[in-house]
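In the order they appear, the protein sequences are chains A and B.
Using the numbering used here, read the first sequence as starting at 118 and increasing by one per residue.
Using the numbering used here, read the second sequence as starting at 118 and increasing by one per residue.
If you are wondering where the hints come from, they were derived from the structure by calculation, not from laboratory data.
No copy labels: a pair is met if it fits in one copy or bridges any two.
Pairs of lysine-lysine, BS3-like flavour, derived with a Cα cap of 30 Å: (1) Lys510 x Lys461; (2) Lys477 x Lys512; (3) Lys522 x Lys405; (4) Lys463 x Lys496; (5) Lys122 x Lys200; (6) Lys512 x Lys424; (7) Lys510 x Lys424; (8) Lys529 x Lys352; (9) Lys536 x Lys297; (10) Lys522 x Lys297; (11) Lys202 x Lys297; (12) Lys200 x Lys536; (13) Lys428 x Lys512; (14) Lys510 x Lys428; (15) Lys200 x Lys297; (16) Lys200 x Lys528; (17) Lys297 x Lys428; (18) Lys463 x Lys510; (19) Lys297 x Lys122; (20) Lys477 x Lys202.
Protein chains: 2
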Amino acid sequence: MARKKNAFYAQSGGVTAVINASACGVIETARAHSDQIGKVYAGRNGIIGALTEDLIDTSRESILSIAMLRSTPSGAFGSARYKLKSLEANRREYERLMEVFKAHNIGYFFYNGGGDSADTCYKVSQLSESMGYPIQAIHVPKTVDNDLPITDCCPGFGSVAKYVAVSALEASFDVRSMAKTSTKVFVLEVMGRHAGWIAAAGGLVQDHGIPVVVLFPEVEFDEAKFLARVDALVKSHGYCTVVVSEGCHYPDGRFLAEQGTRDAFGHAQLGGAAPVVANMVKQALGHKFHWAVADYLQRSARHIASKTDVKQAYELGRAAVRMALKGHNAVMPTIERVSDRPYKYKIGMAPLSEVANVEKFMPRDFITEDGFGITESCKRYLMPLIQGEDYPKYKDGLPVFATLKNLPVEKKLPAFEMK
Amino acid sequence: MARKKNAFYAQSGGVTAVINASACGVIETARAHSDQIGKVYAGRNGIIGALTEDLIDTSRESILSIAMLRSTPSGAFGSARYKLKSLEANRREYERLMEVFKAHNIGYFFYNGGGDSADTCYKVSQLSESMGYPIQAIHVPKTVDNDLPITDCCPGFGSVAKYVAVSALEASFDVRSMAKTSTKVFVLEVMGRHAGWIAAAGGLVQDHGIPVVVLFPEVEFDEAKFLARVDALVKSHGYCTVVVSEGCHYPDGRFLAEQGTRDAFGHAQLGGAAPVVANMVKQALGHKFHWAVADYLQRSARHIASKTDVKQAYELGRAAVRMALKGHNAVMPTIERVSDRPYKYKIGMAPLSEVANVEKFMPRDFITEDGFGITESCKRYLMPLIQGEDYPKYKDGLPVFATLKNLPVEKKLPAFEMK
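If we strip away everything but chain A, and leave its shape as in the complex, we get (with noise of 0.2 Å):
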């Protein structure tokens, strides 16, 4: 019987509340399967940590610590940016992942990430066979910007999703209160470079009775129909709250944040779009303004993390683990929608061919005609990903995350030098 292999999971990209949940169902199934699969390695820092041999032992951590990710937001083991080239640009580094795999033993590759990894993850796989090591690599989709294909939902973008809506109903209640001598437009930026599936969720509380102007990147920025909606929504409401996304751009494709702004030494100012919608409001229709831009809290927030977005991302690191003891390789582990009211779905399977460098945007049918709300279909998707809370533990009023002990393995290999 041949020898039992470890695993070896990393992190990559912008992290999200959920990631680690996915680290956790990676981890525990491994751990309910140690017939099969020897201890599960984590990459310090992601790749980087596979790159240069730093490998953290999980199986130092105790179960109450592992169970603990489920609720802890950001990366435990460390995340990276950082985009293996293709193999013909940079076999160097391919071939050291598999050095390091082999003398670590490891037969199973999970990389919890968004696009850069699902490719990463299957350019491995390919060279693992053209290179005789056989390695299972197996990608667990995250990502805030749910722009992953085949799947219906990647895990992290419900917990942003509620945040969102959850923070835009509040500060639109606010902006209401405050309307009749103060402020009368809240503007509130939130992630979506490319894909405004982040934005949309803002439009939620359009069903709250809130008059809300979402700017998506995927619609080009004219700022004439935007100042005639909002002069519109305050001459009828009193006010209104903007949700625009950081992706938003003008017809040539410059993004609004960047307004050539220069401080008083004439340096580059690198603001939000927030400020320069608010000031373009103020200057137009001479409304005061306040404006937020929630830049990390946004991912990080796992205080209001969706319970559905939670429930997914350990679901789908579990299954992860599950394919690669059935023996699949070079797939992705997916949500199926079998139904939106009540919500049902099911866990599929992808091809990491059909996944790697594919980008998923918003159908123009979830964005309506205006270009400034989101449809009926867009709210009958979004729904069902923000449904229930699922509340960290607290103490001394604030919640308690897990801070792992990440061990180091034993190095057995030269260093390598990264370029």
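Here the structure of chain A is known, so what remains is to put chain B in place on it, guided by the hints.
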């Protein structure tokens, strides 16, 4: 026996996550004493509703709607930023208030706000004596800035503090995950133009192992010293979090947010302190950064309100009515801390003559000597205020907040022209 008097309740200034909990306390307690108090009228848009005789009849709201105010952020009747001038400068407005109160048989005035409304409340009680129309004016404290004197804390503050501490913790975990290859410095801007109470709450993450720099309005900003601190923390921890108060300023009084920045058209650009601080770090130290401006999100974040704060907001509303029933006038119910751990407090009472126009700043011994952190005394003060969670109910993934009918009381007086 004298005819039963009605009560007037109004919300003033910036709203909070819990000001409606105070409204709930006032209205429920008044209803429980319907043998002594008639109806509770609320001012539509605060004191403006009294001046324009635009009163809301809260007796038309159901028991359930009033109960739901306890978990609804913002000002349910509308608030106003409207400060009555001195009696000498604007006797006309005070006299109008008296006329409206008299016309609607109002004998109790509950004013829910910060320093300015305490002052107005005090003046109304003085005037009512001199005019021979008895009004018992009771101030219900509310301010996220926590800057009212005598009371140990102000309802509204504990919830903002909890939001800021939770958000700073979550975002810090995020940055820690990314620091190896990406963001090393995260800057969070919080409210507090004059007092650093809210920023101080960000310092609570220190005890969770987070390297954090807090920039207070009470401490003159020293760029070189600040950059040296950030540099040292990034070197020792790999990353750091900066919590900057909007009121942070240079020794000459200029706010960090006022950079004399101009957009491409030469318009003065209204920015935040966070992007300024972030760009400063980038230019001096070269670190990749992210920044967030919480703005209204922090003060409306009912979803993560402090249970202690909600409870106290309600209790002070209730206490205000009880004080009125006992015949008190020109007073404010306060929180008197009895012990830190376990946290014990009782409701006290302060004369408005001692509250009006006094601003409470952070004691110097709450800020570390270097000016960048909070001391143990400060932690002991803050910790109880963020204790406990008081989650609203959810439906379809979003919190269920009350939107009242807000039906008008029939007018009895000629119109009043606001100046």
